[in-house]
Amino acid sequence: MTDETPAERAEAAATRRRWISLAEVVAVAGVLIAALTLWNSWSERRDAALEKASAAAQEERVDSRIALVATVENGGDRLRLRDTRHEIADVTVTFPKALGVPTQQPVEPVIDSGAFRDALLKATDNGPDAQTGKLPALVRVIYWDGDTKRTGAAIYDIIWRTEGRILRGRSLKLEALRLRDRSGNAAALDRMWTPPA
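Residue numbering for the sequence shown follows this note's numbering, starting at 1208 and increasing by one per position.
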């Protein structure tokens, strides 16, 4: 038998209960910390995977988008269109309605000045012989992105120059093609055209 008094025994039992409660609290805290760590790790992996997927999708969209460049041919009579990443299947070129030029669907991917030369020279008749300017055109392209057929449309500025000639009036030369509005449409094209002064 021990010499403990009932008060001491009660106090010892209370101390044991406190230690048991403290051990339980520490165990529960450990489980909570482990659960939070596991959730945080899973959340970071999920976020990293989402970011990677988003970046890959963005890169795929950029790679699948057509980016036309033009090469001047025939001394400035036409612009040959190409894209370094895609094969062009078909091209449709629409000019501002006010110019009075019908939509062109060339067999080759080119913009030929013959389609709008007379109309543009007439629109610039009241000015000097030597002029430069930009003619907006809506260019719709059907192209191949790998094995997928895609369509793209954008408004490009056709950069042109006129020069006076001694016998036959003025000549028109095409100099470049510049992207103006990637999300353009026919209504926007008509708003963008301002006849040269």
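A few of these clues could be false.
[Stated by the list, open to error] Distance condition first, Cα-Cα at most 16 Å in a straight line; then the derived EDC-like pairs of lysine to aspartate or glutamate: (1) 1380 - 1297; (2) 1341 - 1297; (3) 1380 - 1370; (4) 1380 - 1325; (5) 1356 - 1280; (6) 1380 - 1397; (7) 1341 - 1315; (8) 1356 - 1294; (9) 1341 - 1319; (10) 1380 - 1319; (11) 1380 - 1336; (12) 1341 - 1397; (13) 1380 - 1294; (14) 1341 - 1388; (15) 1329 - 1370; (16) 1304 - 1336; (17) 1304 - 1397; (18) 1356 - 1290.
[Said to hold, decoys possible] So the derived label-pair ranges between C-beta atoms look like this: (19) 1251 - 1314: 52 to 62 Å; (20) 1257 - 1329: 12 to 22 Å; (21) 1243 - 1390: 40 to 50 Å; (22) 1258 - 1236: 26 to 36 Å; (23) 1393 - 1243: 53 to 63 Å; (24) 1222 - 1251: 12 to 22 Å; (25) 1250 - 1221: 41 to 51 Å.
Hints in this document: simulated from the structure, not taken from any laboratory. Just so you know, even glycine gets a beta-carbon here, dropped at the ideal spot from N, CA and C.
**Message:** Hints numbered earlier in the text: which of these fail when held up against the supplied structure?
**Reply:** 1, 2, 5, 6, 7, 13, 16, 20 and 24
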